[in-house]
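Number of protein chains: 4
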Amino acid sequence: MGMIGGGKDAFIGAIHRIAANSDGMIELVCGALNTNKDVAIESGRALFLPENRIYPTYQEMLEKEYNLPPEQRMDFVTIVTPNFAHFEPAMACLEKGFNVVIEKPITVTLDEANQLKKKVDATGLLLCLTHTYSGYPMVKEAKQLIKNGVIGKIRKIYVEYKQGWLSTLSEREGNAQAAWRTDPKKAGKSGVMGDIGTHAAHLAEYISGLHITHLCAQLNTIVQGRALDDDGSVLLKFENDASGVLIATQVAAGEENNLTINIYGDKGGMEWHQQEPNTLLLKWPGKPAEILRAGSAYLSEAAKNNCRTPGGHPEGYLEAFANIYKNFALALSAKINNEQSPCWIDYPTVEDGIRGMAFIENVVRSNESTEKFIDFII
Amino acid sequence: MGMIGGGKDAFIGAIHRIAANSDGMIELVCGALNTNKDVAIESGRALFLPENRIYPTYQEMLEKEYNLPPEQRMDFVTIVTPNFAHFEPAMACLEKGFNVVIEKPITVTLDEANQLKKKVDATGLLLCLTHTYSGYPMVKEAKQLIKNGVIGKIRKIYVEYKQGWLSTLSEREGNAQAAWRTDPKKAGKSGVMGDIGTHAAHLAEYISGLHITHLCAQLNTIVQGRALDDDGSVLLKFENDASGVLIATQVAAGEENNLTINIYGDKGGMEWHQQEPNTLLLKWPGKPAEILRAGSAYLSEAAKNNCRTPGGHPEGYLEAFANIYKNFALALSAKINNEQSPCWIDYPTVEDGIRGMAFIENVVRSNESTEKFIDFII
Amino acid sequence: MGMIGGGKDAFIGAIHRIAANSDGMIELVCGALNTNKDVAIESGRALFLPENRIYPTYQEMLEKEYNLPPEQRMDFVTIVTPNFAHFEPAMACLEKGFNVVIEKPITVTLDEANQLKKKVDATGLLLCLTHTYSGYPMVKEAKQLIKNGVIGKIRKIYVEYKQGWLSTLSEREGNAQAAWRTDPKKAGKSGVMGDIGTHAAHLAEYISGLHITHLCAQLNTIVQGRALDDDGSVLLKFENDASGVLIATQVAAGEENNLTINIYGDKGGMEWHQQEPNTLLLKWPGKPAEILRAGSAYLSEAAKNNCRTPGGHPEGYLEAFANIYKNFALALSAKINNEQSPCWIDYPTVEDGIRGMAFIENVVRSNESTEKFIDFII
Amino acid sequence: MGMIGGGKDAFIGAIHRIAANSDGMIELVCGALNTNKDVAIESGRALFLPENRIYPTYQEMLEKEYNLPPEQRMDFVTIVTPNFAHFEPAMACLEKGFNVVIEKPITVTLDEANQLKKKVDATGLLLCLTHTYSGYPMVKEAKQLIKNGVIGKIRKIYVEYKQGWLSTLSEREGNAQAAWRTDPKKAGKSGVMGDIGTHAAHLAEYISGLHITHLCAQLNTIVQGRALDDDGSVLLKFENDASGVLIATQVAAGEENNLTINIYGDKGGMEWHQQEPNTLLLKWPGKPAEILRAGSAYLSEAAKNNCRTPGGHPEGYLEAFANIYKNFALALSAKINNEQSPCWIDYPTVEDGIRGMAFIENVVRSNESTEKFIDFII
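Residue numbers (this note's numbering), protein chains in the order written: chain A, 1 to 378; chain B, 1 to 378; chain C, 1 to 378; chain D, 1 to 378.
Distance ranges between label pairs, derived from CB positions:
no., chain 1, residue 1, chain 2, residue 2, range
1, B, ARG172, A, ALA227, 50 to 60 Å
2, D, GLU173, A, GLU339, 32 to 42 Å
3, D, GLU173, B, GLN224, 42 to 52 Å
Because the hints were derived from the structure by calculation, they are not lab data.
Every residue, glycine too, gets a C-beta built ideally from N, C-alpha and C.
Same shape as in the complex, but just chain A (with noise of 0.2 Å):
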């Protein structure tokens, strides 16, 4: 694995790298971590890459791994830039023939996502984004449950993300992170639906099988002096019915990273919390509501296959992220020895980055028009 961006400092370079590392299958091996170039060696040292595989630039990176033999080159590229910095070095690793991983929004606007997903159907190449909630193993469990009929036809699907650290304009702060999340020039044209609406609108037709066909959305600016929305909500109509909300809030103040999943079909109901990651509840009529667990023997195959303790010793973020990179590089190994994934394989692909940019595109549109419902379009 090769990294462009995530040098010191940066969060989410960081948790890509011990999600990468966690299952031994995956070695960082060269990097061109900053634009900066004594940031970019001085990171690059901190993590014990060899001198002459920290880069300055991802273009050299991509040309002078190139120039190796294929069996010292990376294998794939890591891209966890801010958002504004995805498309061009992604579209650059697939020209020179890389696999890619990119940091979720998989770019900023939907027509360069188009592009991406273009180049990988031509190159044949594998793009992983990284949705990382879709690695939990119980919101893997959930979207079995729901393929197998078990909660029945889906009726409502209630997905809300709120946060609270943008309470303040902590972009003016001397927040890093808020800085570039708040500005369009770096962030695309929604706040809040680009960095944390995507991951609600990504884990709900994840978990459902079904895609959003029209919204209404309204998008706030709450906090003054911030140049991005970062608060809104959308109302959902889905294939075959079903229907429901999707909120999005960076401030909420005194939340965390409250991810939150309520499903309802004809005949039953199911509940997930990322920040208790490890339990679904089902609900029932007529009967007592089921405590799911992870690590428990009763699970589905996709949901046993990406724990890696026994029920009770709790899995997190972390763990959800490293099953994104481990999926992944079993496809990968796959691809490369020419033999058939294991079948409970699945990772976000290009086509979920599509949905991503779409999702955001159309609430822009929806929260600029009178109109209370309008089709989504992609």
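Based on the hints, put chains B, C and D in the right spot on chain A.
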């Protein structure tokens, strides 16, 4: 207290009697308990009412009680009939000079509610609407905390009320409760909003002290064959730049009576669940969340005066209901004795009834509109 | 119902009145509410008792009520005095032919409890001991499930009762409740075990259906200056090879009324918390845990007949207390009318009182012994 | 890092590797992974170890590694064999000058543990014992809070560790984990206390900073046919007049890995659950309880330095385990570089191992005694 409706097999009538009876301040002395005379008599006897005060019709009850000497006469009337049968008896009571308690929603139309208000204003009589959930001590605490600015200027109000008991077409399966609640002639213009949406809206306005000013609603009739909506979601704008979301559904299979509210201000947030009503969670940026508990000495007077037991001895729905009656009885007693009510006295009045009816009508109007937000007209 | 004790400012007397009053089956008709005549009269008036049935002493109450015609006479007497003042009035009631309800613990010594039992047996009168916690519907459900073998042969019973209100020397700070409960002359041989340990022991025996046979106790007086123990832990052996632990403490700073029980059989386990009493958790090896909820249709008759509201409308401590009275009243009514009680009727009797007193005495004896386990002598 | 034991199918060996690998500070370079040579080789290859550093025996590993140049040689050895095979390799490592990490319990007897301590003292080498649960950030926070007097003088310590996986005779059902853990020759004098009781005792002493001074234990072999105890309860006395209870059971059917601790001081209480490890509850008399959360800025340095993700991104068992390795690696690195360790560094050492072995031996001795409390002899 005299009772109109609430004969045998009526759910809410029995609840009203337990609630009214709780604090030794109110006694059921007469009733017109059913429109069927035999049932009325049988029901009255089962409640040990004196034979001569078991009335076949509410008209007769009002007439005969009116003619009793004041010290024997009932002090007020409780109306616990289905929604469509609230307005006429209420008006009749007020005209005869009786104070009134009405099960919510106050009437079937906004116009009727406005007529009742005029009559209340003209007569100076008391009218209490049993929005039970505002009787919980921790709801009162939440209201006081917001009033005192503890969580700052309100930004977001999320309220959801999820039930599952109408997940199937239970009105065709012999469920009498379901039958009238899903019948437009008896329940009003909206099923879910009349039955539970008004509770949610009232709770949001009651705790926050803010009125809804605009809304954008989507109603659904999810169970095929049902004559009224059973599900809805509403985007809300409140006074003072607050916004929010209201969810009300009766087809969330597996849910019981899950009324939950989350409110966020610029200083902190709060969370309350009706199913575990003795806890109020306060959330703070930069410091630990706090768990406030009913029965604690640190609560406001408003909360403490609505607790009957010390902390850790849980109170529930019946006590919340009893608090509505207790507050009304104290206000009535103060009025009768020409005294000042205690400052913490607080019960829903005809004004709340009007807002509730307006909520239903505005939601229905919004649902029929293709415009996104409509003004909340009253 | 006549009441002995429970005048103004008495905590538990008021609770008894609310509880007795809940279901419209019991009416307070007279009382000897305080040993101070003026307080007795003032208290009686506050409760709207007729002047001629506000008695200055319980002796006078028993005498005068006895001389009333049977249909006017009180049906039973409730004794809500401090522990030391239970025995004499109870005996006097039985001697006069009155059925009795007694706040727990039944007496101050095992010997007194045995005398009461003899008198009960001799007179055929009913004696009800208000072990409130056995009135909760989910406690009754737990008992039924075990009786039906649902969790198999019982292996372990863990019960803990943690309060914090005696964390400081509150008996010297003007707390009247604390004063008598920590006074050996008024409370009995053990403070913590008399006040709350007996509740825990009763709950364990009630749910499991198993008697304690041996125990090993350690009592502590943790707050300096206190005259009685305020903390204790007991290793337990039960019939049928079950074993367990009982924890009772009143110095767990920050706890309210945390009574919790966990029972494990060879097929599964169960968990119940008094502070969230409407939920009973069942745990299973190899399949998901289940959440049983009060008010649900799937519960046993015993549980359902002790619920007043449908699922999701929480019931609490007062309703549990009311269930004790309701069961007793139904049994008394059946007896008076020479009918069969409903099969689900169940309330604590003099036998439970004897086991409670024996528990206290055995714990005290074990605490004073250097031997590890002692036989539970009764 | 070299590893002894932990070949394919070993549960805890894999956990150690993930944990050691987490922070990019430790690399597995060699191993003697199984006593069966073929399995050892196969296991080493599966971990991509170089062929010449896959050793058939630990003796050969120590010899060959010792002869490597210091910069190539492993820095320390991890011993992840069953309990009975800890002492000899540990001693051999120390004798060859290698630092050691040992899976708990440190040895099978207290005497062996004391011999290791002597050797550690004599050589100045580091020995780390993987009491995983002390690696959780909120456990470290709890320790700091008590150290700083936040909950006052400690009065009560309740610790319970409930598992259900030995509810049946799984050692006869082909469960290899169960087989050696219930075999006195491999596990030591006590089953439940060696396997999980020592974790509970360590947690209690670690957080409270108090040593057990006396105990009164009851052990049970509940599943018929089992060769070692599988259940036990212990009354505890600690230094400084604190007392408590320790419960450890492996037959609590339906429990996963329920390690819970409650500690009460004269100012407040705390509660922590291993299964939801990112939350620490503080309870206060007279004010609301507080919910402290991992990843929060308000935590102590000790807690914050053991967090990898911000609040709301849950960490789990593997991260707690990784913290043990991280603290050890930092201490080792400081020692090698002759630097000062950061002040927050903290990992279990041979002293903890000795207390653990003493705990087991004292519990077994107490269980066999008819005396109530015995001195905790070390």
